[in-house]
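Chemist: Got chain X; can you put chain F on it based on the hints?
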Amino acid sequence: MKLTCLSSGSGYQFPPCHILEDVCGFRILLDCPLDLSALSVFSPVPPDNDFVSDGKASYNSARDCFAKEQEIQKRQKIETPLHAKDLIHDELWYKTVKNLHLWDPSSIDVVLISSVMGMLGLPFLTRAEGFSAKIYVTDAAARLARLMMEDLIAMNMEYQYFYGPRESGGPHWMRWEELELLRPELKKVVVGKDGTELGGWLPLYSSADVMDCMRKVQTLKYAETACYNGTLVLQPFSSGSEIGSCNWTIDGPKRNITWLSCSIFASAHAMNFDYGALRGRDLVLYSDKQFLPLMDEVQSNDASSTIPSNDLSSLSRCCSADKDDWKKLTESLLSTDEILEKEKMDFICSCILQSVQAGGSVVIPYNRLGILLQLLEMIPVLLESLAADVPIYVISSMAAELLAFTNVIPEWASKPRQEKAYLFGLSIPSSKFELHFEVSKVSSSFWMFLQMFSGEPMFSHVDFVNKRKLHVFSAIHSPELLTTWQEPCIIFAPHWSLRLGPVVHLLRRWSGDENSLLILEDGVDPDIALLPFKPLEMKVLQCSFLPERRLPKVDCMLKLLQPKILVLPDDLKEKLDFSNPSLDSFSVLYYTEGETLSLPSSPEGTLDLEIASVLAERFAWQNLGRQDVMYTRLEGELVMEQGKFRLLPGITSADSHPSKNKEMKSDAG
Amino acid sequence: FLGINDPGFLLSRHRPLAISNCPTTSSDDLPLQPLAAGRWLRFLGKLLPVLRWPPQACPFLLLVEIRQSAPAMGIECLVLGAGQEIGKSCVIVTINGMRIMFDCGMHLGHSDEERYPDFSLIDGSLDCVVITHFHLDHIGALPYFTEVVGYNGPIYMTYPTKALAPLMLEDFLRISVGRGVEEKFTAEDISACMKKVTPIDLKQNIQVGKDLQIRAYYAGHVLGAAMVYAKVGDASMVYTGDYNMTPDRHLGAAQIDPLELDLVITESTYATTVRDSKYASERKFLKAVHDCVVAGGKVLIPTFALGRAQELFILLEDYWERMNLKVPIYFSSGLTKQANIYYKTLMSWTNKKIKDTIALQNAFNLKHVVSFDRSQINAPGPCVLFASPGMLSGGLSLEVFKQWAPSEVNLVMLPGHCVAGTIGHKLASGKLTKLYADNNSQIEIRCKNVNLSFSAHTDSKGIMDLLKFLSPKHAMLVHGEKPRMSILKKKIESEMGIKCYDPPNGGLVKIPSATVHVKAQTSDSFAKSCQSPNFSLSRCSTSGAVLSTDLASPLTVTDDRVGEAILFVDGGKARGVHKDELELELIVSGEGKPQVVLFGHCFPIRSKNLTNATGRLGLSGSRSLLKVLALELSHLFPQVDVQNMGDFLQVGSFILSVCTNASCTRRSSEVPGDPSTTCTYFCCSWCMEDEKLALAIISSVRNSL
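Chains as they are written, first to last, in UniProt numbering: chain X, 1 to 669; chain F, 1 to 705.
Any given hint could turn out to be false.
To be verified - When the alpha-carbon atoms are kept at most 35 Å apart in a straight line, the in silico DSBU-like pairs for lysine-lysine are as follows:
1. F/184 - X/415
2. F/210 - X/564
3. F/468 - F/491
4. X/644 - F/473
Stated by the list, open to error - Chain X is faced by these chain F residues, among others (derived, beta-carbon under 8 Å):
5. 159
6. 199
7. 204
Don't read these hints as lab results, they were simulated from the structure.
Ideal Cβ positions, reconstructed from N, Cα and C, are used throughout, including at glycine.
Just chain X, with the same shape it has in the complex:
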């Protein structure tokens, strides 16, 4: 078995991508993301403030003269700070995983998707000729991914309208001479560190491609098993990081693998990380690297960066303590995350409030669905408490569907949310009921009471929409938005790359307002991302919404999973210490991006064969002469089911006579 890390990814938006080869003879692709942060090399539409005032007619001519000017500047190679004009002015292209296109799509047997973001590049693959792999993804992730992809296409249309029909041949910026002229910062993004990533750029897929892709995926629920080819038993388990995101287990006849993607111990909205189910596998592939930058740099504006030290010590104590103490450990693993995330959200909310109170507007280019949902819940409550009349807008082509969808999926939501939707409020006051009322009276008051305590939507944004505190619009130019428009306001809109969607227009409007606030998630390089909007007066808050997974926790968790082999990204080499002799019952391997790691093959051993008892009864045993050695002839049909060999009563020897076989004409001769 071999593992190739195609990309080690960067953060939530761009999860890592791997290929596992020869898993019982099959080739498995793990995730197929898009590097959307690379969009920052493009200039948003419209390209520059100056041209906006000129009106639409001058766009095309403007583009020509703009290009010339740009070229002159580049030729001169003046060492000036990066300017908006240095960005590529062309239709957006999208950067897929590097080197994935070098793999023959027809050679991939299985594609496993761990999250919504891990699916955004999939239409590129599914439309490739010869692609016939089975794609497995959780039900909720597939539905969310479809929304995301369609939204991406809708936003990309703006570019298409602006630049007109696509030219034949590659875009001008892909020519080598043009690439040479790119500023080094941008060039690095375009061609990669070693200059090999240019082949990964593609124009966006069409909605037909997305439809086609969605038809090809097979959706699963958490803990549902899928059996590929009778050999591999695949199962997704909740990873806690987002609605529908999962860790996969791959069970073959000889080896069990756990693929551990980005996982969060306790999530505020999605179902908790189900790591109990991942235990006892032979091999654990840990592909999550997100906690690394968080450890290295402590962000000054992040309120939650102080780590309660007693927490850590208690954790590590747990680790070394009795392994049976699973429950206690689980609790300690879950508790810390929750607190931190809550604190962080509170901090963001307070920043938003400050800015709104000062008369500025707030733009939140959301990325993670969970954050959007949480902020949508917290902000209206805060505003209400301050009696501030500030409208909240959500502007996206898919916002309405997205928000409707989030309230009909209790199976994917976290426990507290599920219970919110269920009828548990009853237990408290029902004892106070005077049960000897007349039926009709009891019933009316009883039902009024029921409605107060139950059937709440899981996410309260529905209420806010009903109370006209939250407004959902499909586009920034929709007439309804224009009529209700009111400033200051709080706007949630895509896209976090700041190159696509309503965000671009909103930033242009408020970039000069020092009271306004932009909340960026990390994952984008703020220097390049904000370039087109300079000079920038508005405040920018960049923060990570992900709770930190601190090393002791990861360390602890990995040890608890008790794999025989642990495969980690090489960055973790120094950071995790597996030298403790009491715990290192497993071997640790490290993989590097772009390199193929051979995983030790499972020991040559025996395989279990299950013989149906119906067959076993038929065996005519014979003695070998020696005592207690018996033999018989095996017959039947050997099949591979659920990763197990089974000998079933199939076609028996009556069929073995060649002349009795049904003859089939064949042209193969």
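Modeler: Chain F alone, transformed into the frame defined by chain X:
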């Protein structure tokens, strides 16, 4: 034969196949393995099921430890409720020692001890309780069982059931209290009980303890209804709960995977009924309602608040919209309103059509359906009223019925089955003409009534369809009426040839588990060779000459992937080997001495052919038979020396003789073609190096005689 495959492995299967359609395993969803032409050629050949070792010569080929994977305890079902009746569904199933309770319902037709299942019959502790859906006859006794009887183990039900069950239970409690009936549990018990419930999703694998695995499948019937699959070791079964095999307005049809099952316990509400199409009954319903309201009448639809009501709402809402009707549709119960909220949330459990439109319009946002106030009972003008409870068993629906029944223009619509003993049942069977009102005055029943089979239960065809699809080894009927069940039972036994049970309450059914697998072990190379296809192509011309060059003869393709092997028991030690490893294994096991492996085969030839063949030469007897064969073989195989030794023929190490030993160990279980004609067996043996030749000879003997 064109050639012998690299001797591969030892389990053989002969299956005619077209080359273009040859999966590598039995799975149905696999892509074709790309096979190079060269590989195809390598797999030409055929290994006959002829591996025989004379006891003295062969140590072992495949050593296998035979052990039962679990004590063969099988499945034991104790029916606590819904045995030969409808109501208080409760079955305790013990699968290989693990004990599960399926459903825990109450009987609405009784108010005495009979109301609850007799939990005292449970012997020992339960491992888990699984509830299929939220109807009272499936969940009604659960709070009593957990809070009063004191069951404290895990309880599983689907998400919607968990959400809706407390509503149902509270509603029941409210009506009971109104009637002045003392129930065995309280509202606190309900909420305490529901807190212990673990919600599960469809198809999610739930591991209970170490051995028990359960999984829920979509059952239609009502929102969140599930069929439950349970497996312990090799024994597995499905408890269907109530299910519906046809989709309706708001729910889909039951869906289940093909499973290998020992037992299916199915409901049999409509054991003998075959229902009209859904479309026809919907039309009938709408027509009756329409006719009544157009004539100015009032329509009373007594229904339980959850399930049927939602379906009829959607149906009427749709119809009202299309026909532009303005007549108000009322629903009486707060429960229904509440339930609609849940239906909105639990959208993913409804049918596909509703699910797909969530973003545009939530199908449970009903425009025409408004809530009902008691004062409107005698308001003039037509209306449609949904009132709970169903079956006119009391509460508002009975109250309204008493008010509306005397008028001929009014209509009572009973959408579904009414339990015996209820007013609904009497009305439906046409026996009800008079009714005593509260103040002892009589009410004449003059209104029309229509009973429509709008049931969310499957009909007898659906039950048969499901059973045939699952094809279990045993079936058991519950949740039905005794006479009908026995008819269905006979039908199942005759049509499917399996044993079917319909135990009464308290009955115990023991089923031996038949799918026990015997565990054996094999080596890597064994498995490897089993995974690659092993085809042989042979041209069998009608003349019988095997090595015919006649290209016009049909090409037969057989897949010999699984050869035949020897299963060995050696003091409990297990070891499996691939044929390539055979020689090594022999040396090891024979303590270094080289061993000789002889292959053997004993096959029958019908005597009719023989007499023809020998008759041609005017000979008889086994010696003469061999003589004929020797002649024939020397023609067919001019390159080898066929020696006739009188009692046997010898070609190299290949020896062929006429076999008279009826219990010849080399004999395969092959059945001679025509039992009326006697047949002669030929017994042969050969060494490995002559295998190719031996197989060719055997084949030609078979074909030429």
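Chemist: Could you work out which earlier hints the structure fails to respect and list their numbers in ascending sequence?
Modeler: Of the numbered hints given earlier, the structure breaks none, since each of them holds.
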